[in-house]
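Student: Residue strings, one per chain:
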Amino acid sequence: MTTTTPKTPAPALRPSPHWLRLPRWSFAQRRPRSALALGLGLLALIVLATIFVPMLSPYTATAISGKPLMPPSPQHLFGTDTAGRDVFVRTWLGGRNDLMMVVLVVLGSSIIGTMVGVVASMSSQITDSVLMRLTDALISFPGMIIVMAIALVFSGIGEVGPFPRGALPAVIAIIAINWASYTRLVRGEALSLRSRDFITAATLLGYSKTRIIVRHLLPNLATTVVAYMVVDAIVAVVTIAGMPFIGAGIQPPAPEWGSLMLAGSTVLYSAWWVTVMPGLVVTVYGIALSLIADSLLAEVDGGAR
Amino acid sequence: MSEVLLEVVDAEFRYARGLPPAATGINLQVRPGDSVGIVGESGSGKTTVGRGLVGSLFPSSGSVLVQGRGWKGVRRRDPVRRIVQMVFQDPYASLNPMLSAQATVAEVIRVWDGAKPSVAASRAEQVLAEVGLTGEVIRRRPALLSGGQRQRVGIARALACEPQVLVADEPTSALDVSVQANVLNLLLDLKASRGLALVLISHDLSVVDYLTDRALVMLNGEVVEHGDTHTLLQNPSHEYTKTLISSIPGSSLANA
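Line by line, the protein sequences are chains A and B.
Residue numbers 13 to 317, in the working numbering, belong to the letters of the first sequence in order.
Residue numbers 4 to 259, in the working numbering, belong to the letters of the second sequence in order.
What the hints contain is simulated information worked out from the structure, not anything from laboratory work.
Accuracy of the hints is not assured; some may be wrong.
[Said to hold, decoys possible] Non-contacting residues of chain A with respect to chain B, defined by C-beta distances greater than 10 Å in every case (computed):
| id | residue |
| --- | --- |
| 1 | Leu52 |
| 2 | Leu60 |
| 3 | Gln87 |
| 4 | Ile157 |
| 5 | Ala161 |
| 6 | Leu216 |
| 7 | Leu217 |
| 8 | Pro231 |
| 9 | Glu311 |
[Unchecked claim] Taking beta-carbon pairs under 7 Å as the criterion, some of the chain A residues facing chain B (in silico):
| id | residue |
| --- | --- |
| 10 | Asp148 |
| 11 | Ala149 |
| 12 | Arg208 |
| 13 | Phe210 |
| 14 | Ala213 |
Don't be surprised by glycine CBs; every beta carbon is placed ideally from N, CA and C.
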């Protein structure tokens, strides 16, 4: 018996949810590979800068290195802040703190959210209802209020390893509300996957629930979850950067993008660089992750068509 | 007479309480080597009966017995599961997109026989060779396989369980005409070489005529006619069967 050679690659993955789909005119939709390369390149630059700038700079983030509010110059590329500290080194050290927190938030939220979502999708109707109502409650409640409350509860946690004071309470607080969005996403996707014949086949073949989840559900959920994690990394940095505005998050004098911008807001018109320079870095970070997320989604949608 | 492998006794199937039955009054016996066709138009209830046969839908009344045991209470790893396996209609949805053909089949062998990964992989290779897939093609994921190849992987996955009854739900309806004959011949070959009993669910009377000895014709969830396939198609007694036969364009059956 002979085998036939494949004619055209057939669809491997289902399209991403409609709310994650890209407009056809977008750069990432038309040139996903270029968008991915550009996004990864920008992100790599930011990550490298957060690692090496604080190490190689002649200035430290907390020491006074010049006169207050000096404009950008070759000595101080991003100028100095109200206390005369170098904004360049503070921006990148602040970025390091932010990115470490983002990694924890995104990993923690995705792991918890995915586990709860998969369990809900595979459980009895009662368990599913209980878990999803809890999820709905978390999603519908104003996030920042819960974040503030939880961050306050855990405010006793001091400096832990590379994390400055205030970082871990903020991470715990954000994870505590953020996992719910992953659960919503994962449960919907898992329910849709469960109706497919390969899951029915696995059930008829007597596979255990654990095997069905680990070998059949999770690998097929991965693309969607990873794409959402990249999107979430943008939201997480905005949330983390917003926390100093409500008195939570990393405590001074440790730098952090949000606290840097907040500190500069009082002198915005006379010393714009204190706010604008960290803001520009945050913007480039957001653009880099958007390009990565969009190109991943474009690949998923393209593969499914 | 040989033992009954699969028996349906006056079974009725509903998808939810309060809904009308999707199939009712179903009676069927399958013995080793039998080939039974279930034929009818879309919505006639034939796939529902197929789901009932493999235990993914329990009868709301009556019974479905596998070697005398009902599906209810059969645990995941109960050996009775090995007896009846299914080949699905849609080869695109019936395979895990993340697993290669070999991994798909090897998994069944690992689960049921507790074989080591290397042993399972080598036995999977043999099963895949039995359905005509050899060489590097077995290391491909479904996205890089043609429709016919995927359906062969689906058949190999069912065979890896060493079933005695294969329930094939429209196994060729999603395939190109050129590939359909290959898959049907493969099923015939396997039936002969393994002594399998075959339950073929199809809307295509010519496929049922080619592959089965007995047939049930279903309409609106009920069996309206049953008997020897050839006789049934040559001398239909029910109006619906006559309509089905006359609707086959250019078929010798239509002119019977």
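Student: Looking back at the numbered hints, which does the structure fail to meet, lowest number first?
Tutor: 6, 7, 8, 10 and 11
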